[in-house]
Amino acid sequence: MDFFNAIALITNFILLPGLTYGSQLALGALGVTLIYAVLRFSNFAHGEIMSFGAMVCILFTWLGQSYGISFGFLPTALLFVPVAMIFTILYCIFIEKFVFSYYRKKKSNPIIFLIASIGVMFFTAGLIRFIIGPSDQSFNDGVRFIFTVREFKALTGLNEGFGLKTSQAITILTTIILCSLLFFFLNSTRTGKSMRAFSDNEDLALLSGIDPNKVVLLTWIIAGGLATFAGVLYGLDKIYKPFIFLQMLLPIFSAAIVGGVGNPLGAFIGGYIIALSELFVTFAYKKVLGYLLPENLEPTTMMQFLSTDYKFAVSFIILVIVLIIKPTGIFSGKTI
Amino acid sequence: MTNIQRRAFIFFSFFIAIMFIGFFQSWNVALGIFNLCIISAIMALGVNIQLGYAGIFNAGVMGFAALGGLAAVIISYPPVPETIELGGSGVFLSLVILLVGAATVTFIYKSPLSSSIKKLTIPLTILMLLILFNLVGSPAIERIEAFEPAASGFLGGFGLPIILSWFVGGILAGIVAFLIGKLTLGLRSDYLAIATLGIAEVIIYFLKNEDWLTRGVKNVNGLPRPVPYEVDLQGNAWFIELCERYNFPLVETSSIVVKISYCLLFSGILITIFILSEIALKSPWGRMMRAIRDNEISARAMGKNVKARHLEIFIIGSAIVGLAGAMLTTLEGQFTPTTYQPLRFTFTVWVMVIIGGTGNNYGSLIGGFLVWFLWVEAEPLGLYLVELLTSPLSDTNPLRIQLITNAAHMRYIMMGLLLLLVLRFAPKGIFPEGR
Chain H
1 MDFFNAIALI
11 TNFILLPGLT
21 YGSQLALGAL
31 GVTLIYAVLR
41 FSNFAHGEIM
51 SFGAMVCILF
61 TWLGQSYGIS
71 FGFLPTALLF
81 VPVAMIFTIL
91 YCIFIEKFVF
101 SYYRKKKSNP
111 IIFLIASIGV
121 MFFTAGLIRF
131 IIGPSDQSFN
141 DGVRFIFTVR
151 EFKALTGLNE
161 GFGLKTSQAI
171 TILTTIILCS
181 LLFFFLNSTR
191 TGKSMRAFSD
201 NEDLALLSGI
211 DPNKVVLLTW
221 IIAGGLATFA
231 GVLYGLDKIY
241 KPFIFLQMLL
251 PIFSAAIVGG
261 VGNPLGAFIG
271 GYIIALSELF
281 VTFAYKKVLG
291 YLLPENLEPT
301 TMMQFLSTDY
311 KFAVSFIILV
321 IVLIIKPTGI
331 FSGKTI
Chain Y
337 MTNIQRRAFI
347 FFSFFIAIMF
357 IGFFQSWNVA
367 LGIFNLCIIS
377 AIMALGVNIQ
387 LGYAGIFNAG
397 VMGFAALGGL
407 AAVIISYPPV
417 PETIELGGSG
427 VFLSLVILLV
437 GAATVTFIYK
447 SPLSSSIKKL
457 TIPLTILMLL
467 ILFNLVGSPA
477 IERIEAFEPA
487 ASGFLGGFGL
497 PIILSWFVGG
507 ILAGIVAFLI
517 GKLTLGLRSD
527 YLAIATLGIA
537 EVIIYFLKNE
547 DWLTRGVKNV
557 NGLPRPVPYE
567 VDLQGNAWFI
577 ELCERYNFPL
587 VETSSIVVKI
597 SYCLLFSGIL
607 ITIFILSEIA
617 LKSPWGRMMR
627 AIRDNEISAR
637 AMGKNVKARH
647 LEIFIIGSAI
657 VGLAGAMLTT
667 LEGQFTPTTY
677 QPLRFTFTVW
687 VMVIIGGTGN
697 NYGSLIGGFL
707 VWFLWVEAEP
717 LGLYLVELLT
727 SPLSDTNPLR
737 IQLITNAAHM
747 RYIMMGLLLL
757 LVLRFAPKGI
767 FPEGR
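Chains H and Y, in that order, give the protein sequences. All the letters of the first sequence, read from the start, carry residue numbers 1 to 336 under my numbering. All the letters of the second sequence, read from the start, carry residue numbers 337 to 771 under my numbering.
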């Protein structure tokens, strides 16, 4: 029984939140990695693009709510994700046309692209704060829990339990569906293959008649769409804070690099690696060990490796270790 | 127009803009902006040494500036005897453990043992160290933080003159830069930017959470000043007499005098650093750096130790940023870890360097001046624009109210546009790097 109690505790505080956060990071990291694979630069504006998508979704949710639209027990925001995606993708195409295409034609150094993406980041951050303001927005109006900790305890008779938040279930499910679609697209369709070919060897791809503009456009469409989902799901699960997305840039980049930058599967796995290790390292194991160890050995301290405040340090440490030991990442992406 | 005339003209225009604010807003505001312009210019000079001389992308400027602020607290704040008695020895002991441990790990790493033994012993030593460190440090830290948390709850500092902290801030930032540089400088440009971005976040988290050292988010207020206080001036008989003789308003004059004294102090530092940077740039050392930047492989073929030079320049640039950070905390008179935002510290300084012209010290100077000026003036300008554009709407229109309250954020939009436009149409900046 004690063993199941420990499992329930870990599920509630590490596994479920880790999988949720990992999904959000994976969606973000996939965008970063795709842009890196095709356009060959690290897009510092990606966090703000996620924020932009979430903002548009919130605005439409408010509009919809004022007309009395709701999505039953699911959050209303989900209805408006497609609209937000369209706006975000249009914004991505707008910045591609007005900023990045010029440097692409000039074949500028990746560093110039990086600086330009910082310009875009500034601009987008300002635009978001200008439109929706810098304060927090909570927009999850659905039912909060599919089942709560108390219901779980009553059902199983355990001392500890785990609850499943609606937002967690939505996040994990959506991510699985989106990633399956993406991998199917990349591996099995003609357009997806042309994208991979372009990423692999640009000159060869051009010779075989692949239109680079089409590939780049497609990359922005996919990255913008995924970023919208990542931003909305993060906002639904926690809360929408305009400034948090700059801080999320670090775990997202870490996820992309740990998995091997430019490799979509790597980015997907990397997101979960970063999220789960953040939670594993900052979780206080006192209660869990209390169940697992014999009574006389129960720990008296919190049994925490690192204070929760340092969770961002975890993704940084993983990043540095990977960069030093295996700079190409676990799935051997490209080296910058 | 020759080069010198061009430079003189642009600097002259900037001073006209400051004068304009002085005459039309107030001299207090103008001097306040100018003081921060000087600090920004020093930071920009530091980043220019990294980005311009050597092409190193340091996205951790914020962290080094914050370390300078930490130095200002540690050097100048009077010691808190009660907390030192409660936990000073424990903290000191854990510091010793940390240093001894670091030395042991380095020793094992450099020793001629086989790599498999090293792989086993190094993590074990680190683990033991952390446990020992926690056992000694944690109780002491708890005792310190529990002592009058609302008013104190930290160790305080050394109570030395705050000007000293500027140099200590530089040294502290330099030491941290050395450690970080050792870890990350082998990485290529993109990775380095991401890694340093992360380090800056970690430093800020450390400052926000280690209450025993910095009081964390409770901030440290009332740092001593290197210049007289306004109130003291207003009570000073000689000063009152001076004001009466020339018919100056007493309160305003006192605050202007304080700002001018800061201005003189800061200008001294700025001019020194500027001259030193110019000398370094024109020296064989500076030429070597640019050679490494422009073609690393051929520089290496010429026998230059690229990694060591990069580390050198990373330390120097970061130390200058740390110095500027300490000056900033001195000027503000308080240390607030929450104000360190990457957009405000790291990326704005980048914009300064790039707009001014990477690799040119005059460029960083004018970039620091202009960008800070715009950063401050964007708020009234943005408000004016929004009010003008929304003037057809009624005063109670929610859209209008929303836009007016958010008008201050126009500065981010402006920074972004400025950076993108300069990068596109004048990629070499206002003052291109001379050959």
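To be clear, the hints were calculated from the coordinates, so they are not data collected in a lab. Any given hint might turn out to be false.
[What the hints assert, rightly or not] Derived contacts from chain H toward chain Y, CB cut-off under 8 Å, selection only:
id: 1; residue: P134
id: 2; residue: S307
id: 3; residue: V320
For every residue, glycine included, the Cβ atom is placed at its ideal position computed from N, Cα and C.
Status of each hint after checking the structure:
1. P134: Nearest chain Y Cβ about 7 Å off; hint holds.
2. S307: 7 Å, holds
3. V320: 6 Å, holds
In the structure shown, no violation is registered for any of the earlier numbered hints.
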